[in-house]
Amino acid sequence: MDGTDGFEPKIIGFCCNWCAYAGADLAGISRIQYPSNLRMIRVMCSGAIEVTYILEALQKGADGVFIGGCHPGDCHYQAGNYKTMRKIILAKQMLAQLGISPQRLKLEWVSAAEGQRFAQVVTDFIEEVKKLGPNPLCQEVTQHG
Amino acid sequence: MAKRIKLAIGLGSTCSGCDIAILDLNEKILSLVALADIVFWPTAMDFKLSDLEQMQNNDIDVTLYHGTIRTSENEHIAHLLRERSKVMIAFGSCACFGGIPGLCNLTNKKEILETVYKETPSTVNPEFTTPKTKIAQDGHDLTLPELFNDARALPQIIDVDYYLPGCPPVVELIEKLVPIIANFLEKGELPPKGTVIASDKTLCEQCPLTKENKMISRIFRPHEIIPDPKRCLLEQGILCLGPATRGGCGARCINARMPCRGCMGPTAEAKDQGAKMVSAIASILGVENEKDLSEGDVEKLMSQIKDPVGTFYRFSLPVALVNRRVKEGG
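Protein chains in written order, with the numbering used here: chain Y, 199 to 343; chain Z, 460 to 789.
Next comes chain Y alone, as it looks inside the complex (with noise of 0.2 Å):
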């Protein structure tokens, strides 16, 4: 299956309950549409996030991993936002080594007033990933021989 054959891609969002988490709410009494294939966990700040939960999320199915925090300088917690940033970063890097395509792992800032902005980096994502096709880890029987 790849993006044009109907390929719903299941998505975990981990979200900080300050911003993104807020940015959704207000993008649903809105009513703003956007697809439905993300899974929100609600997070205190998203550098509350272990890469441990990123890892288990793929491991289990998960075709991508959405973060969303508060915009650089705008953290509740004054600097979660920035540890959040490298951690991804470094993160990607390892995802890359282990033949999982970085993209699959999102980070996006979203402000509590940004319902609309927080649809939009949504439905991208769900796109980018819909390209990307499903999770490899899912697909490779480990073979023994």
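The set of hints was computed from the structure by calculation and includes no laboratory data.
From a predicted model like this one, the values you see are computed outputs, not experimental measurements.
Careful: at least some of the hints might be erroneous.
[Claimed, not checked] Heads up, simulated DSS-like pairs for lysine-lysine below, C-alpha to C-alpha not over 25 Å straight-line:
hint, chain 1, residue 1, chain 2, residue 2
1, Z, 786, Y, 329
2, Y, 258, Z, 786
3, Z, 730, Z, 765
4, Z, 730, Y, 208
5, Z, 568, Z, 545
6, Y, 208, Z, 786
7, Y, 258, Z, 730
We have chain Y; now place chain Z onto it with these hints.
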């Protein structure tokens, strides 16, 4: 004559450093030999696979198994030893987490055979002859074990009772086995299943160096810098896996001014050693001027780590969450 325990030392794909580590007990090996009859140890004594096959189930009291599971023979011997033994101990990093041979999961069987039997400059092999598991020659059937695509740790193959990590395990930890074995012999008592014979804390907790200010602006490889011998190596920009690695080794590398390479594996709390290390690096590298760094700057900063998977999972790739290289698009 006092009751004695039957001890076996089995091996998979291994460098046999673990065997040497047992011999490194020196005179203390006598206290082990006083307790135990060695019934299987192919590296040090004349034992054959058939000796093991002839034993009954549960004939062996304690088996120390070292080495990765890399071939069908490794797997067969691991299963056989499990059936024959009451207690199975994964001995050394290879058995516990896959160890350095586990890095072969970054490639695959096909690529390995092509490199070794075709591409190396010193190889002349126009017909691309590679090892086969079975051929008939002059009326004889010749067999070889099959090389697996993936390396696996011992607990991924058989039920393991205890773990003794380290590459190789330090003598101080091997010594801890002696009272455990003695207790088993005298009272039939054993520690809870799954016990790791090492510390439950990270290496950093036991590290003798001083931690002052955890912020770094670049990474140094060990040969690029003469470190301050009293200060945390990570704080000086040397990649040390202490924050993501189990302690109990006595910080022997740190005491020789070399950074921790992670051979004791992840701690009990951490699911994934590499992921833990990524978080640790992200917390200190480029923190000082974090507000001025663009995404590109951070990318450049992080790409100083040339081989993140090989560095952070040097000993634990087969037990990592993502434990092999895959391919996009099938």
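Hints, one by one, checked against the model:
no. : hint            : in the structure
1   : Z:786 <-> Y:329 : holds, 15 Å
2   : Y:258 <-> Z:786 : holds, 17 Å
3   : Z:730 <-> Z:765 : holds, 23 Å
4   : Z:730 <-> Y:208 : holds, 23 Å
5   : Z:568 <-> Z:545 : violated, 34 Å
6   : Y:208 <-> Z:786 : holds, 19 Å
7   : Y:258 <-> Z:730 : holds, 14 Å
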